[in-house]
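A.B. asks: Spelled out from the first residue to the last, the chains are:
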Amino acid sequence: MSGAAVNTYKADLRAIQFTLYEHLHVEQVFTHAAFSHLSREECDATIEQCLRFVNAYTGPLNGLADRAGCVLENGVVRTPAGFKEAWRKLFELGFMSFPMPREGGGFGGPHAIAVVLEELQSGANTAFNMYQGLTHGAADLIEVFARHEDKERFLPPMMEGRFAGTMCLSEPHAGSDVGATKTRARHVEGNLYDIAGTKCWISAGDHDLTENIIHLVLARIDGAPAGTKGLSLFIVPKIRVNEDGSLGKPNDVVTASIEHKLGIRASATAVLNFGENGGCRGILVGDQPHMGMRQMFRMMNGARIAVGVQGLSVASTAYLNALAYARERRQGSSVKHFKDPNAPRVAIIEHADVRRMLLEMKAKVEGMRTLALKLALHFDLAYALAKTDEAKAMYHQGQVDLLTPIVKAYCSDQSFRITELAIQTYGGAGYVTDHPVEQYCRDAKIFSIYEGTNHIQALDLVARKLQEHGGENFRQFLKEIAEFVDTYSHQPGIGAEVRALGEATDALQRGAGALMEFFMGGKIDQVTLVANAFLESMAEVTIAHLLLQAAIIADSKRGQHGDDQSQEDFDFYSGKVMAAKHYVSYVLPGVHAKIGAMIGGDRSALDVTDGGFSTAF
Amino acid sequence: MKILATVKRVPDPETSIKVKPDGSGIVTDNVKWVINPFDEIAIEEALRIKEKVAGSEVVLVSIGGNAAPNDVKEQLRTGLAMGADGAILVVTDAALEPLVVARALAKLVETEKPDLVVMGKQAIDDDSNAAGQMLAELLGWPQATFASKVELSGDQKSATVIREVDGGLETLRFPLPGIVTADLRLNEPRYASLPGIMKARKKELKEIPIGDLEKAGLDVSGRTQLVKMEPPPKRQAGKLVESVDQLVELLHTEAKVI
Ligand SMILES: Cc1cc2nc3c(=O)[nH]c(=O)nc-3n(C[C@H](O)[C@H](O)[C@H](O)COP(=O)(O)OP(=O)(O)OC[C@H]3O[C@@H](n4cnc5c(N)ncnc54)[C@H](O)[C@@H]3O)c2cc1C
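Order-wise, the sequence lines are chains A and B. For the first sequence, our numbering assigns the number 1 to the initial residue and increments by one for each residue that follows. For the second sequence, our numbering assigns the number 618 to the initial residue and increments by one for each residue that follows.
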């Protein structure tokens, strides 16, 4: 099936709406002045139109574009057929502007809704959505930090989809180690600098969707200190932009090559040479040099959350496709008739092991969605309360900071695992290109690598975020769970699971204590050895908490309607309860194993000699 | 130029429909409601005329409920988000037959005085394909049904409409005011854009209790009665054949088609 456009995207709007309004009560943001210009009605209408858009325009291109990939020809990258039209339509409809501030020409919508729009768009076509995601991130950074005149020059065309954006950090020798950046900037006059250097792995680094591309480039001004502190950020257009907004001459940004990749093959990943011929001009972002890392962190934090949402989105459609297949595919008979060779064949969804895989995928997908939306809600409340209630705003911002590495790392790790489970659910059919799950799995692998590998996220969590505000953010996080456990530990039907959450949270706290001891004992290598396991444990506790919360709400609704309740409602709410119980029984106990190992202090991976891995070389 | 475009709420064609066990109607729990696809085409056509003829106004009209479970306001808001200027909802929870719908629309035409009424050729729920024709009759206006192209004269005094008829196309010209019902190929309806959605909230959505129209002489009594609804017979399971020969054999002996 190489030629036909098939939309395999599946979204579960009911599940999304439950999390938004029945669980997290996102509608609370509309009571704050920052969001009072909107209501649930417009937000729901936006979600609905966005779903229609992706089903009609980007979803059908997903498989085709994967097979076609991007092509570099005569120094210019060509995106797969259909991308240009989809891009034009996307900006005609204006979804990218939804969360942008109204002063910047956006609609000032809550991030909790924007995350849903991202889920739909990334799920339908991850590669296509990269171009928009980076444009949005770059526009947001310019809107926050750039000088007024630069905003006026660059923002409107970005908001209209005439210019795209990128983030240029990575270099051949500076991947995880951003401080090793070699790209140089030499002062010309005012805010203008000459830029020279090579950036690699640049997503959306070159393409034919827009008339211009605005690169945000980290570079070191001549004479600036080494490390990240000496980095400055520059607006480097592919084609120079005159003060009146018209396009000038090319800015000496050369696309040297694009990568051939496992997944997201329709997203161009470029090696860019800046100033090979001495003609690349960059405009310093803002008025001060050496602020580059701080400024770039704005875009990186947004992008880290966005990568977590990418993970969620691909996992969700993979799960829903596997579910649909499991309902159709008939194979084997019910285990109840295992002795009877003539027993009727059943749909594979009737087999216990298939149900196990489906429920694990459901629990993780819905838990991850709740986590991402809860983070976004904290973000919205921090913004809404910034001027009226500083203490509360700080609490919400603290939770955003704490949860960002967890959303990035857990949702991206699990996305790959869930898409792998989806392939397993299909059997052989999942391994071949007739079905979409093999692509989902390939697309999902990058999420744990870019935007800071998941180990970099784990280091951010254990070395920075846990200690932030004297540990107050983490204390608040634990307190919220402790209160939940206190309230519901004897809840009929689910009390045992709530108590299990309490025990896992205690273990997590012991793990945090062990980390402190390693730090104080100077065993930094031991901290880094267990950082990923700690992050995963904290994620599992968080997800279990959210799933149990959802289950208790669902259980109360399942009771309320009694006999009047439709079968669909009953099924929906029961599924929520089952997903939570399954997660607590089969996933959450892993926390005890991981924390136990941490505290046990095994150092084998550190102590093994390099030759001990293998003497074969 | 003033154009009325009619809107009916129907179950999303993508959702599976279940008939109530007693046959009195369909199960409406968890049904996703959308604008009747043919009405969406009618709205689009009205908007395209408005974009061509300066100073035009598009008003949506619907007859239905203003609260759950019969609420059609969401569909009207969607039409407003597409770009219509205002909407009128004649409020009733009763399921009306096409003749009563046509009579109610005729009452609205009296007060709204449109130059053109654009309607879907039929609603995809009960497929009656009658309201447009009945409205034309009640008003004594010309009509062009199953339109696949609509063109107004430069002075907007007449319309030329290409109709899809069995085995071909027919071109009609008639003086305005008149009625056009939209067929599938008339246009491809736009999606509501984000700016459109944001503006829709501030547009007027006027509710008129159906009683008000009755006081003005509307007769709501119907002539038909829903006796029973039945789901279509279940499709029989297919049969896998071993060879082409066997297929030909079965097509001959069992299906009796060759
Ligand atoms: C498809 C794709 C798109 C990308 N898009 C962009 C983009 O748009 N812009 C951009 O700037 N970059 C982009 N990147 C680059 C990406 O962010 C880097 O690949 C990533 O940061 C890792 O850097 P690296 O590849 O050099 O790996 P390395 O840094 O060499 O890491 C290799 C391994 O070593 C580990 N490691 C490295 N340092 C440490 C340490 N100090 N402690 C412990 N472990 C460590 C890592 O976790 C990893 O497992 C993209 C990459 C890809 C593949």
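These are computed hints drawn from the structure, not numbers from a lab. It is possible that some hints are incorrect.
With a cut-off of at most 20 Å between alpha-carbon atoms, the simulated EDC-like pairs for lysine to aspartate or glutamate come out as follows [as the list claims (entries may be wrong)]:
# : chain 1 : residue 1 : chain 2 : residue 2
1 : A       : Lys-249   : A       : Glu-259
2 : A       : Lys-479   : A       : Glu-468
3 : B       : Lys-816   : A       : Glu-160
4 : B       : Lys-816   : A       : Glu-41
A short list of chain A residues far from chain B (calculated; beta carbon distances all over 12 Å) [to be verified]:
#  : residue
5  : Leu-38
6  : Ala-45
7  : Gly-104
8  : Ala-174
9  : Arg-298
10 : Tyr-395
11 : Ala-593
Treat the numbers as computed from the prediction; the structure is a model and nothing was measured. The C-beta atom is built at its ideal place from N, Cα and C for all residues, glycine as well.
A.B. asks: Is the nearest CB of chain B more than 12 Å from the CB of Ala-593 of chain A?
C.D. replies: holds, 41 Å
A.B. asks: Sort out whether Glu-160 of chain A lies within 20 Å of Lys-816 of chain B, counting only the CA atoms.
C.D. replies: Holds, at about 19 Å.
A.B. asks: What's the verdict on Lys-816 of chain B and Glu-41 of chain A, does the C-alpha distance respect the 20 Å limit or exceed it?
C.D. replies: holds, 12 Å
A.B. asks: Was Tyr-395 of chain A rightly flagged as not at the interface, with every chain B Cβ beyond 12 Å?
C.D. replies: Non-interface label stands for Tyr-395 of chain A: nearest chain B Cβ at 31 Å, farther than 12 Å.
A.B. asks: Would you check whether the claim that Ala-45 of chain A is not at the interface survives, using Cβ distances to chain B and the 12 Å cut-off?
C.D. replies: Incorrect as stated: the minimum Cβ-Cβ distance to chain B is 5 Å, not above 12 Å.
A.B. asks: Can we trust that Ala-174 of chain A is non-interface, i.e. its beta-carbon lies farther than 12 Å from all of chain B?
C.D. replies: Given a closest Cβ separation of 38 Å, the condition holds.
A.B. asks: Would you mind confirming whether the straight-line C-alpha gap from Lys-479 of chain A to Glu-468 of chain A stays at or under 20 Å?
C.D. replies: holds, 16 Å
A.B. asks: Check the non-interface label on Leu-38 of chain A: least C-beta distance to chain B beyond 12 Å or not.
C.D. replies: Non-interface label fails for Leu-38 of chain A: nearest chain B Cβ at 8 Å, not farther than 12 Å.
A.B. asks: Just to be careful, I want the Cα atoms of Lys-249 of chain A and Glu-259 of chain A compared with a cutoff of 20 Å; is the pair within it?
C.D. replies: violated, 27 Å
A.B. asks: Beyond 12 Å from every chain B Cβ: check whether that's true for Gly-104 of chain A.
C.D. replies: holds, 14 Å
A.B. asks: Closest CB-CB distance from Arg-298 of chain A to chain B, is it above 12 Å?
C.D. replies: holds, 24 Å
Consistency note: the structure conflicts with the earlier hints numbered 1, 5 and 6.
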